[in-house]
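Visitor: Below, each chain spelled out in residue letters.
2 protein chains.
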Amino acid sequence: MTAHPRLSLNQATIKYAGLAEALRVTSAAGIAAIGLWREPVAEVGLARAVELVTDSGLRVSSLCRGGFFSMPEGPSRRAAIDDNRHAIDETAALGAPALVLVAGGLPKDSKDLAGARERVRDAIGELADHAGSAGISLAIEALHPMYVSDRAVVSTLGQALDIATQFDPSRVGVVVDTFHVFWDPGLLASIARAGDHIASYQVCDWATPLAADVLLSRHQPGDGIIDFAPLTSAVLAAGYRGDIEVEIFNQKVWDAPVDETAARTVEAFESVIAPLLG
Amino acid sequence: MTAHPRLSLNQATIKYAGLAEALRVTSAAGIAAIGLWREPVAEVGLARAVELVTDSGLRVSSLCRGGFFSMPEGPSRRAAIDDNRHAIDETAALGAPALVLVAGGLPKDSKDLAGARERVRDAIGELADHAGSAGISLAIEALHPMYVSDRAVVSTLGQALDIATQFDPSRVGVVVDTFHVFWDPGLLASIARAGDHIASYQVCDWATPLAADVLLSRHQPGDGIIDFAPLTSAVLAAGYRGDIEVEIFNQKVWDAPVDETAARTVEAFESVIAPLLG
Numbered sequence: 001m002t003a004h005p006r007l008s009l010n011q012a013t014i015k016y017a018g019l020a021e022a023l024r025v026t027s028a029a030g031i032a033a034i035g036l037w038r039e040p041v042a043e044v045g046l047a048r049a050v051e052l053v054t055d056s057g058l059r060v061s062s063l064c065r066g067g068f069f070s071m072p073e074g075p076s077r078r079a080a081i082d083d084n085r086h087a088i089d090e091t092a093a094l095g096a097p098a099l100v101l102v103a104g105g106l107p108k109d110s111k112d113l114a115g116a117r118e119r120v121r122d123a124i125g126e127l128a129d130h131a132g133s134a135g136i137s138l139a140i141e142a143l144h145p146m147y148v149s150d151r152a153v154v155s156t157l158g159q160a161l162d163i164a165t166q167f168d169p170s171r172v173g174v175v176v177d178t179f180h181v182f183w184d185p186g187l188l189a190s191i192a193r194a195g196d197h198i199a200s201y202q203v204c205d206w207a208t209p210l211a212a213d214v215l216l217s218r219h220q221p222g223d224g225i226i227d228f229a230p231l232t233s234a235v236l237a238a239g240y241r242g243d244i245e246v247e248i249f250n251q252k253v254w255d256a257p258v259d260e261t262a263a264r265t266v267e268a269f270e271s272v273i274a275p276l277l278g
Numbered sequence: 001m002t003a004h005p006r007l008s009l010n011q012a013t014i015k016y017a018g019l020a021e022a023l024r025v026t027s028a029a030g031i032a033a034i035g036l037w038r039e040p041v042a043e044v045g046l047a048r049a050v051e052l053v054t055d056s057g058l059r060v061s062s063l064c065r066g067g068f069f070s071m072p073e074g075p076s077r078r079a080a081i082d083d084n085r086h087a088i089d090e091t092a093a094l095g096a097p098a099l100v101l102v103a104g105g106l107p108k109d110s111k112d113l114a115g116a117r118e119r120v121r122d123a124i125g126e127l128a129d130h131a132g133s134a135g136i137s138l139a140i141e142a143l144h145p146m147y148v149s150d151r152a153v154v155s156t157l158g159q160a161l162d163i164a165t166q167f168d169p170s171r172v173g174v175v176v177d178t179f180h181v182f183w184d185p186g187l188l189a190s191i192a193r194a195g196d197h198i199a200s201y202q203v204c205d206w207a208t209p210l211a212a213d214v215l216l217s218r219h220q221p222g223d224g225i226i227d228f229a230p231l232t233s234a235v236l237a238a239g240y241r242g243d244i245e246v247e248i249f250n251q252k253v254w255d256a257p258v259d260e261t262a263a264r265t266v267e268a269f270e271s272v273i274a275p276l277l278g
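Chains as they are written, first to last, in the working numbering: chain A, 1 to 278; chain B, 1 to 278.
Don't take every hint at face value.
All copies of an identical chain are treated as equivalent in the list; a pair is satisfied when it fits inside any one copy or across any two copies.
For lysine to any residue, the following SDA-like pairs were computed, each having C-alpha atoms within a straight-line distance of at most 20 Å [stated by the list, open to error]:
no.	residue 1	residue 2
1	108	40
2	111	230
3	252	212
4	252	274
5	15	46
To be clear, the hints were calculated from the coordinates, so they are not data collected in a lab.
All values reported here derive from a predicted model rather than from experimental measurement.
Could you put the whole structure together from the sequences, leaning on the hints where they help?
Guide: The following block contains the structure:
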């Protein structure tokens, strides 16, 4: 079995696999690329992680994730910025082109959404040079507005672009994640506007009822109601030529054997996304 | 106890009260206006409902709800349009200025969000004259994007305005419901653009974690993270002078005695919203 060459399996889809296992599963499924997460990398240590990745022969499409820097100035903001510098270095060491940024929600006891959004922009401004030196791109991910207060104050692709376009696309870009943005009446216009600033394209599907923990409501492409054709065409027309990640948070998907999940991902991508890639 | 003169208790906040009981509870709490729902009106019949409302001396701030007309042409669409004509007549009979419209989600087995949105616009176009003749306004409610697929394909105030501004504000307007729109980075600009098209202002709060049934995640003003000051200022600056409804879907609120809920609503409005009304 060989998967479509642009498919990348985001490691979160096989959440319970450690790094070595995730690399093995991905290769065994015939997938050429993987999106990594920092925690499993940290478990084995960065140096060993780099060795494992090199030995696997897989491309690393992105590292998840930096961000969580919406808090006001002070020690915890400094710690967050420092942690993001480490994440940038890890991204470069692993050979990934982009570090995915999840902005963070409202600080505890704050109702100042506009202020939090300003501080996210400022944090990215502080980090952009470091990303440039490391040769990687900070990829701002707009999360669905249902996560605005507790996870990400960046809620639309347009808002992510308002930040990203203040910087060269080699340093700051955006993630287009279908689950998070498909609902947006202005989406196609935003994707067109994004152009070279698209640093990552992630496909997964939306279905209702949402899971009781709304974080776990993501589905394989084809298992929900998203029409991937116009979105994917727009992303291609904008010039995006990178890997396309499948990233699923879903307890049922996680409870399945990891090799089965990888095979199912290959199938879903082949039937729903690959025909759109020309 | 007398509540702020612009407070209106939406009947959904005391869901288990019938019409007569809801009117009694509202008056007893010193509230001068009520937002009604069609089902409790239908339970007693329209003529009797009009008598009860007249006898109560309360203003009716809106009738909930019309809409649910996102399906393609055919008998069920015709039935939905007809039902909306009845809802318009009921709104006028009850002396309410506005019929709240919830667009409806994607039709079964459809992934065509753009098409559903077109059909919502077309349905409103069909109904606008009837609303004009009846002397009421169709109030398009943008629902939070987490409801886009199963409840309302109108997801932002800007999108609602793209429809409403095709019509005279006496016929078609929008609802500004804080819970549904607070997250929107473009919200203040949209409220300013809305101007005379604001047909209803509803205040309720957002808190996480969301309820397992995400429909029931609405809270009393002050019990969540919304900063009502900038939103309310913008609504006032846009020229809105009507009633301000508190509409809560929340199992705990519903399980409380209805008089207690009404009193709690008066308190919440007094402490959080009234100071913003000048």
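Visitor: Give a verdict on every hint.
Guide: Going down the list of hints, with the structure as the test:
With identical chains, the CA atoms of residue 108 and residue 40 are never at most 20 Å apart, being 28 Å at best within one copy and 40 Å at best between copies. In the homo-oligomer, the alpha carbons of residue 111 and residue 230 lie at most 20 Å apart only across protomers (11 Å), although the nearest pairing inside one protomer, at 36 Å, exceeds that limit. Within a single copy, residue 252 and residue 212 get their C-alpha atoms as close as 13 Å, and across copies as close as 17 Å, so both meet the 20 Å cut-off. Taking CA atoms no more than 20 Å apart as the test, residue 252 paired with residue 274 passes in neither setting, with 24 Å inside one copy and 47 Å between copies.
With identical chains, the CA atoms of residue 15 and residue 46 are at most 20 Å apart within one copy only, with a shortest distance of 19 Å there and 56 Å across copies.
Hints 1 and 4 from the list above are not met by this structure, while the remaining hints are.
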